[in-house]
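K.L.:
Based on these hints, arrange chain D on the given structure of chain L.
Protein chains in written order, with the numbering used here: chain L, 4 to 356; chain D, 4 to 356.
A pair counts as met if it fits within one copy or between any two copies, since identical chains are not told apart.
With a straight-line Cα cutoff of 20 angstroms, these simulated SDA-like cross-link-like pairs (lysine to any residue) come out:
#, residue 1, residue 2
1, 172, 106
2, 172, 103
3, 176, 107
4, 172, 109
5, 172, 42
6, 176, 307
7, 176, 337
8, 176, 343
9, 176, 38
10, 176, 105
11, 176, 310
12, 176, 41
13, 172, 108
14, 144, 79
15, 52, 107
16, 139, 58
17, 142, 77
18, 245, 193
19, 176, 309
20, 176, 334
21, 172, 105
Derived from the structure by calculation, the hints contain no laboratory data.
Residue-level listing of the chains:
Protein chains: 2
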Amino acid sequence: MDSRARQPNLRADGGPLLAALRGQGSLPAPIWLMRQAGRYLPEYRALRKEAGSFLDLCLNPALAAEATLQPIRRFHLDAAIIFSDILLIPRALGQAVTVDDATGPRLQPFGEAFPTMTPPAEMDGDSLDPVYRALKLVKAKLPDGVGLIGFAGAPWTLACYMIEGGGSKDYAKARAFAYGNPDAFERLIGRLTTAVADHSIAQVAAGANVVQIFDSWAGVLPAPALRRWSVEPIRAIARRVKAAAGGVPVIVFPRGAGVLYRDYLDTADALSLDTAIPVDWAAAELQGKVAVQGNLDPAALVAGGETMRAEARRILGALGRGRFVFNLGHGVLPETPPEHVAELVELVRAWRP
Amino acid sequence: MDSRARQPNLRADGGPLLAALRGQGSLPAPIWLMRQAGRYLPEYRALRKEAGSFLDLCLNPALAAEATLQPIRRFHLDAAIIFSDILLIPRALGQAVTVDDATGPRLQPFGEAFPTMTPPAEMDGDSLDPVYRALKLVKAKLPDGVGLIGFAGAPWTLACYMIEGGGSKDYAKARAFAYGNPDAFERLIGRLTTAVADHSIAQVAAGANVVQIFDSWAGVLPAPALRRWSVEPIRAIARRVKAAAGGVPVIVFPRGAGVLYRDYLDTADALSLDTAIPVDWAAAELQGKVAVQGNLDPAALVAGGETMRAEARRILGALGRGRFVFNLGHGVLPETPPEHVAELVELVRAWRP
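One chain only, chain L, in its complex shape (with noise of 0.2 angstroms):
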């Protein structure tokens, strides 16, 4: 039976995404993919050469609206996200940002960016207007049903990137900051509190009808640390968000916090769940409370064929009846065929217990 004929007010007001995210189990589980404008696509790499480097093309409404919609012309998904990127908070606080291709972000160093340690406390909110102006572009262009998601770095994953001045394979100089500067390292998670709540609040106000707080780099803190500034902050910001925002749904996605997970719980409407994340698990500990989002590899859609399929068929299982939106576990990888993307769309919406 598709269920989908019990709910046709939640259908219609805003599309499977929105429905799954507020409560309504259905089938087909909605899709989106992690990164799913990028590399990977022949449209986006012509994109890309037009506007300059990554951050140029983050910055032009236009051609950032355009990379937007390339996936859901070809691929039918069911939301879009804007194509953007967390560290223009940083920017707009004042830390000089750039990006390379091979070597990832580079920041301006922290303490000659913010000599007493802490950034100023309102952005340069010029600076994010070229992303609301592309979410303006992309909410008069995308189809009916299909969400558009805005989305930020959370206060922690931001910190570990500005304290680090670019990646990391363990931000454990923004730990030993944090531990060894408690006071100056409040502060500067309190602003980013302010600055992503503000920012995910103009999202909306601009056509966004789902926030997702991406705190990557979540796994690296141990649970005390985890639950100061990881979880207390998206706590905070989610609900000045939904205050401010008609109750607009949040996503939020931990990267690697494991059992730590269900500290999450009270903070989001869906919880994203990185690879790691037994379904099983998911499905018992946190599906009962919010909406679940994943959590496919990445590399199980590069390799393609009977491994993807039984994969994405296993997460379906567990997972699927439920309150579910289907996603990979992290980013789309640049040496995705697109075609095993094709294939994967079809598969979950053809899915049935």
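P.N.:
Just chain D now, with coordinates in the frame of chain L:
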């Protein structure tokens, strides 16, 4: 009450580490630290200058033995771990390896080293001889009651380095190879399982009385792949090692496995906990069945002071009354002040519930 009084034989029979691993919780908890021999020690830096490259040091028995003993002399830890590297196994199988201080390990491209995508069945045993010679030298000088730990990388982690050709942030290439070439990957894991067991048994023959298996990249695998390529090979290795080496205790470190730590319970005498594992969960889910080891954040050891003391006491409070070995959740960081290690050892030795 000092519980040591009740277990005089176990204490005499290999010291506090062996007693804890064999199922006797007692106070003070034994303590050693992953990467306790390393760049944070000035005497190690002097030794490195003398030796040349990192691998030159690993392969010089007299100097590797000296590096192993340095932290024992300075901190009177309860165990020495042989100064060596997990990549000596890929090297012994015929894959050229270099380790650069700045850029990390580099391995000869996989298809060039192994055109059949499978290493030979036999290792070049001579190439591992310096490890066994170093163990014998350490054993002769080690104070009574101090454990001597041999170690190896787990097959999955070794396969990650071998296929990627070095470190990576997510080992996506290794996962995609595994998913796309399951037969070749199964053969690779099989060869590595044999090699790791052989090398572990030889280390015990040379004087090690504990073996630790490092699965540093377990955390990037979804549950079914983790069970197949991490849990099962480790179980096979531990069985062979224990059968061949008089039941020598095996510690398993499936870093990043999160909820799936439970899957390793019957593979090991002890599980080494990464920083993200909550200690209350480990006390409830793991410690009743095996000894646990861990899991102070190495960045808290860098920071020192009240943060370090509070974190150490929190871990002891949750785990210190059971079968427990105090350690870090990952290796000592190069910027760690040695005096923080001395203070930590003193704190652990003085701690009572």
